[in-house]
Amino acid sequence: MSDYFSIFLSSANFRWVITGSLLLGFACGLIGTFVLLKKQSLISDAMAHAALPGVGIGFLFFNEKNLPVLLLGATLTSLLGTYLIQVIIKHSKLDTDAAIGVIISVFFGVGIVLLTFIQQHATGNHAGLKEFIFGQAASLVNRDVQLITVSAIVLVLITMVCFKEFKIAIFDPHFAKGLGIPVSLLNGVLMLLIVGIVVIGIQMVGVVLIAALLITPPLSARYWTDELPIMAGLSGVLGALSGAIGTWFSATIPNLPTGPMIVLVISAIFLISLLFGSKHGIVMKVVQTS
Amino acid sequence: MNALEITNIKVNYHKQTVLKNVSFNVPEGSLTGIVGPNGAGKSTLIKAVLELIPKRSGTVKVYDQALRQQKHLIGYVPQRSEVDWDFPTNARDVVLMGRYRKIGFFKRAKKRDIEIADQCLDKVGMLDFATRQISQLSGGQQQRVFLARALAQDASIYFMDEPFSGVDAATEKAIIHLMKEWKSEGKTVLVVHHDLQTVEEYFDRVLLLNKEPIQYGETQTVFTMDNLERTYGGKISFLERATVLT
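As you go down the protein sequences, you meet chains B and G in turn.
My numbering applies: residue 1 is where the first sequence begins, and numbers increase by one.
My numbering applies: residue 291 is where the second sequence begins, and numbers increase by one.
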């Protein structure tokens, strides 16, 4: 075990993977802040699940595991799922939560069927496709990590540039519209940011659990602060920490998927925040009232 | 001179017409109360005028030009219940939002903007609460933060949606004081209002509305029992009848 550990630590690939997980976690926490405040947690989960069939379709097209192609497929089905949720809400009697439920299960079901079919019938090298479900950081090669790193940086930069506009468009969309701020466009940008982060994150964290990496960091950060810039920054740091620690564990213990490990770490952070958060933690509240 | 010319506005919601035939001109420097029963479309009207919600038809001219070119002249105070007061932000930040247009999109607030925000907070007696998280403010204080934000917009025409609802006496005074100050500066104010007792005291013009305009004009001539009966369709309470008549 310790041999295994030191081999990983000394390998350049491992350092790359940890860097990627740090940046991915930071981007997730930062973007997740706005997702949480806009009350779109469930939609982001649907976007993640809807990415799975795209991975399968991307593979079937070229019959090889070409990451950019798989991610392009994931992007397209994720957007399709999001679009269908809006269509269902608009043209049926279903509520938002029911529409999201339908899309999550249908797309995830199709995704599993496709991956199983590929596993049994495809001739090309399909090793590692199943890892898109729960994530496997160890399966990433340098090129994958570079793609994730660069994309995460771009997504973070876009979020920073739009920070003030996101804030007003989420807090008071009518007032923002009155000022002439393009609220619908900003909603679209946020949607694309979510799809972007989900798609680059699924190989590492998996479609099932990436929404947790979006939502739990800002939820935890909220217990420590009432200021949006601090909340967003702290959320990014907590996301980065849980991303890196979870990846570390999963990479050093054979066959341990990364997604669940990351979620366990961020859940522990959430529990600590819930109890001891300096602004809204339970202990803090008890101390203040007594 | 007319600050606002509103022509033939019609609004549908889920294929049902909620507002139609709304045409009226608002003179510069006037205080207009928009009055009518619940569900009359008062808030819908100002949202449609400001293009915050889509309308079926109608045009809005602000000082003789399309609203789109004149958005910098418009100030808006939404209903307090329309925003999430648990949002992680403080009073000063909310007031700063009134400056976002002048700060410029995708740029950061400068020192000067923060000074102006603080002056606006001071004007409504809220400077001591500048860094207070907004959920920790009372209803009246939250309304005053919204007023300060409208002040920070430095607009020529102000729209206020039920600013008096659920506020304390101090806030009510602050709102009236501001409205009078705006009027004396030649600014135009339109207010959605539901308290019939105070209409004559607060506003020099009244729009009586129930899905379509019943009457619009100077308060003295328009705000009569007859017109109110027509607006409220006989649903006007005994108590309100008594207070209006006296």
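Hint data in this document are derived by calculation from the structure and do not stem from the laboratory.
It is possible that some hints are incorrect.
Stated by the list, open to error - If you want the footprint, here are the derived chain B segments under chain G, 3+ residues with CB under 8 Å:
id, segment
1, 103-117
2, 132-146
3, 163-173
To be verified - The following residues of chain B were derived to be distant from chain G, with all beta-carbon distances above 10 Å:
id, residue
4, L37
5, Q86
6, L94
7, A98
8, L274
Unchecked claim - SDA-like, lysine to any residue: derived pairs with alpha carbons at most 20 Å apart:
id, chain 1, residue 1, chain 2, residue 2
9, G, K397, B, M160
10, B, K39, B, E165
11, G, K397, B, P229
12, B, K285, G, S425
13, B, K39, G, R358
14, G, K397, B, L157
15, G, K400, B, K90
16, G, K397, B, P182
17, G, K413, G, K397
18, B, K38, G, K300
19, G, K463, G, G415
20, B, K39, G, I504
21, B, K38, G, Y303
22, B, K90, G, H304
23, B, K90, G, N302
24, B, K93, G, Y303
25, G, K397, B, I158
26, G, K300, G, V373
27, G, K397, B, G233
28, G, K397, B, K93
29, B, K90, G, K345
30, G, K400, B, V161
31, G, K397, B, V150
From the three backbone atoms N, C-alpha and C, an ideal C-beta is built for every residue, glycine too.
Checked hints:
1. 103-117: violated (count 0)
2. 132-146: violated (count 0)
3. 163-173: holds (count 7)
4. L37: About 7 Å separates B/L37 from the closest Cβ of chain G, which leaves it inside 10 Å; violated.
5. Q86: Since the minimum Cβ distance to chain G is about 16 Å, B/Q86 lies beyond 10 Å and the statement holds.
6. L94: 16 Å, holds
7. A98: B/A98 clear of chain G: closest Cβ-Cβ about 19 Å, beyond 10 Å.
8. L274: 16 Å, holds
9. G/K397 with B/M160: 11 Å, holds
10. B/K39 with B/E165: Between B/K39 and B/E165 the Cα gap is close to 17 Å, so the pair holds against 20 Å.
11. G/K397 with B/P229: 15 Å, holds
12. B/K285 with G/S425: 15 Å, holds
13. B/K39 with G/R358: 30 Å, violated
14. G/K397 with B/L157: 14 Å, holds
15. G/K400 with B/K90: 42 Å, violated
16. G/K397 with B/P182: 15 Å, holds
17. G/K413 with G/K397: Distance of about 26 Å is beyond 20 Å: violated.
18. B/K38 with G/K300: Status violated; Cα separation ~30 Å.
19. G/K463 with G/G415: Judged against 20 Å, a Cα distance of about 11 Å means the pair holds.
20. B/K39 with G/I504: Between B/K39 and G/I504 the Cα gap is close to 40 Å, so the pair fails against 20 Å, i.e. violated.
21. B/K38 with G/Y303: 24 Å, violated
22. B/K90 with G/H304: 10 Å, holds
23. B/K90 with G/N302: 16 Å, holds
24. B/K93 with G/Y303: 16 Å, holds
25. G/K397 with B/I158: Since the Cα atoms of G/K397 and B/I158 sit roughly 13 Å apart, the hinted pair holds (cutoff 20 Å).
26. G/K300 with G/V373: 26 Å, violated
27. G/K397 with B/G233: Judged against 20 Å, a Cα distance of about 18 Å means the pair holds.
28. G/K397 with B/K93: With a Cα-Cα distance of about 42 Å, the restraint between G/K397 and B/K93 is violated, given a limit of 20 Å.
29. B/K90 with G/K345: It holds: about 18 Å lies between the C-alpha atoms, which stays within 20 Å.
30. G/K400 with B/V161: 16 Å, holds
31. G/K397 with B/V150: Answer violated: G/K397 to B/V150 is near 24 Å, above 20 Å.
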